[in-house]
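Since the structure of chain A is provided, determine the placement of chain B on it from the hints.
Line by line, the protein sequences give chains A and B. Residues in the first sequence are numbered from 8 upward in steps of one, following my numbering. Residues in the second sequence are numbered from 416 upward in steps of one, following my numbering.
Just so you know, these hints were derived from the structure itself, not from any lab. A portion of the hints provided could be inaccurate.
To be verified - Selected chain A positions facing chain B (in silico; Cβ < 8 Å): (1) Val-37; (2) Thr-49; (3) Lys-55; (4) Leu-61; (5) Glu-158; (6) Ser-165; (7) Lys-190.
Virtual Cβ for every residue (Gly too), placed ideally from N, Cα, C.
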Amino acid sequence: MQISQLETILDDDGIIFLTYGGLLTQALIVGMTEALEKESKTHDLNKKVAHNLLTIFIELSQNMMNYSKKSNMSGNAIDSKGLIIVGLDKDANEYYVFSRNIVNINDSEKIIPKIKQVLSLDKAALKLLYRELRKSGREKHEKGAGIGFVEIAKRCDSMECDFTDINDETQYFSLKATIHNVKD
Amino acid sequence: MENLFLEGTQYTPEINMNAESGVISMVGKSYPENTFDFYQPIMDWVTAYFNGEAKNKTVVNMEIIYFNSSSSKLFFDFFDVLDEQKDKHHVEVNWIYDEENESALEAGEDFIEDFENLVINLVGK
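Okay, chain A solo, but in the shape it has when bound (with noise of 0.2 Å):
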């Protein structure tokens, strides 16, 4: 194993933790959510950059986890190379939470519009779109709705979205969310 070389990865992009491959369950969400905490405390962070760190990799994550219990049903079970990254960019002096699996090219269909419609509001408008959302009414709640993509883009300063072709079927999905970092 090169861990050394590993270590110089994590070293230089700042990474404060990754998780690659394997199931995201929510025990290791949860795990990380609570690591998350501990270091936002040990560095003092900003409570509003904190919050807003925490919901987005709590979003991102679930969404992970969602998705592929949702493939593994359909019994479309998809290669669970799913990849995410909690870093801190020094020189930038912003954290970022980044993510990236392996979608379905007919679930791609449907998520890009809604993506596109996010990446085109600014804040006020998410608020307007979430309150929407949100509003969708009792017994009717579909999972992925958007309302996560919207949650992650009102809290943070930006946020990046690619959809790259591995086959004729599938793509990797990547979203990077991006937050400055305050001082109080």
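Chain B in isolation, oriented as in the chain A frame:
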């Protein structure tokens, strides 16, 4: 009717719904693996409470540290039940937030905008 108490976990709030005192409280974090399943008994309880022997005054204390977007939908539904009852019963909500955390305050303000006629107090601590 029976009270509903659920102990808090690292990812679900402590739930305390007391039919005798008319005080309902939710304290902690909210990002369950299946949010809808988690909140179903809570929604059932509050509906049954208002259909039955609701107190003259019902106080709801919400002290949620952070929550995922599906919990936000459920809180909306929960407030919607309270909103329907507010003319028949006296209902008051306290949204308790950490004063150093703007995001927690904003979440409370969003609910106030959505439920203009429901009494929602922002309580900093």
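Outcome of the hint check:
1. Val-37: 5 Å, holds
2. Thr-49: 17 Å, violated
3. Lys-55: 5 Å, holds
4. Leu-61: Interface hint status for Leu-61 (chain A): holds (6 Å vs cutoff 8 Å).
5. Glu-158: 4 Å, holds
6. Ser-165: Cβ of Ser-165 (chain A) sits 17 Å from chain B, so the hint is violated.
7. Lys-190: 13 Å, violated
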